[in-house]
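The sequence shown begins at 1 in my numbering and counts up one residue at a time.
Estimated spans, in silico, between C-beta atoms of each pair:
| hint | residue 1 | residue 2 | range |
| --- | --- | --- | --- |
| 1 | Glu94 | Met63 | 17 to 27 angstroms |
| 2 | Ser81 | Thr43 | 19 to 29 angstroms |
| 3 | Val2 | Glu40 | 55 to 65 angstroms |
Below, a list of computed lysine-lysine pairs in the DSS-like style, where the Cα atoms sit at most 27 angstroms apart:
| hint | residue 1 | residue 2 |
| --- | --- | --- |
| 4 | Lys47 | Lys123 |
| 5 | Lys103 | Lys73 |
| 6 | Lys64 | Lys123 |
| 7 | Lys123 | Lys106 |
| 8 | Lys123 | Lys73 |
| 9 | Lys47 | Lys64 |
| 10 | Lys106 | Lys73 |
| 11 | Lys103 | Lys77 |
| 12 | Lys77 | Lys106 |
| 13 | Lys64 | Lys77 |
| 14 | Lys123 | Lys77 |
| 15 | Lys64 | Lys103 |
| 16 | Lys64 | Lys106 |
| 17 | Lys103 | Lys123 |
If you're looking for bench data, these hints aren't it; they were derived computationally from the structure.
We treat Cβ as the ideally placed atom computed from N, Cα and C, and that holds for glycine.
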Amino acid sequence: FVLKMALVRAALRRLSFVPYLRRVPAMAFSKEATIPTDQEQATGLEKEEIDALMAGNEDPFNMKVDVSPHGTKENPKQVFSIFDERLVGCICEEDATYVNWMKLTKGEPQRCECGHWFQLAQK
Numbered sequence: 001f002v003l004k005m006a007l008v009r010a011a012l013r014r015l016s017f018v019p020y021l022r023r024v025p026a027m028a029f030s031k032e033a034t035i036p037t038d039q040e041q042a043t044g045l046e047k048e049e050i051d052a053l054m055a056g057n058e059d060p061f062n063m064k065v066d067v068s069p070h071g072t073k074e075n076p077k078q079v080f081s082i083f084d085e086r087l088v089g090c091i092c093e094e095d096a097t098y099v100n101w102m103k104l105t106k107g108e109p110q111r112c113e114c115g116h117w118f119q120l121a122q123k
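Between the sequences and the hints, there should be enough to build the whole structure, so can you do that?
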């Protein structure tokens, strides 16, 4: 029994030298160490989106569906984009079960099959 205890003590002493089994210093858990917020650690598009939301822009990527009245040739519906073309989906009838997609390009207003007019506007 005494021999077993001596072996256990020797093994524990050896384990205490393994770096990951040592005690963590109390300073590692000080009040100064904090977990970063989403805004602090976000990068790329996520950061752009969070910054825009904080600035008050609820639709930073212009993805919300616009259900305002359809445009006419004289007063086309303005679709904003930072590019020279954009895909636009038109729900031609209120009860339609599909979306009519068209490529809207910079320049003159374009007409959907149902008669709604759209024009690409630079943002």
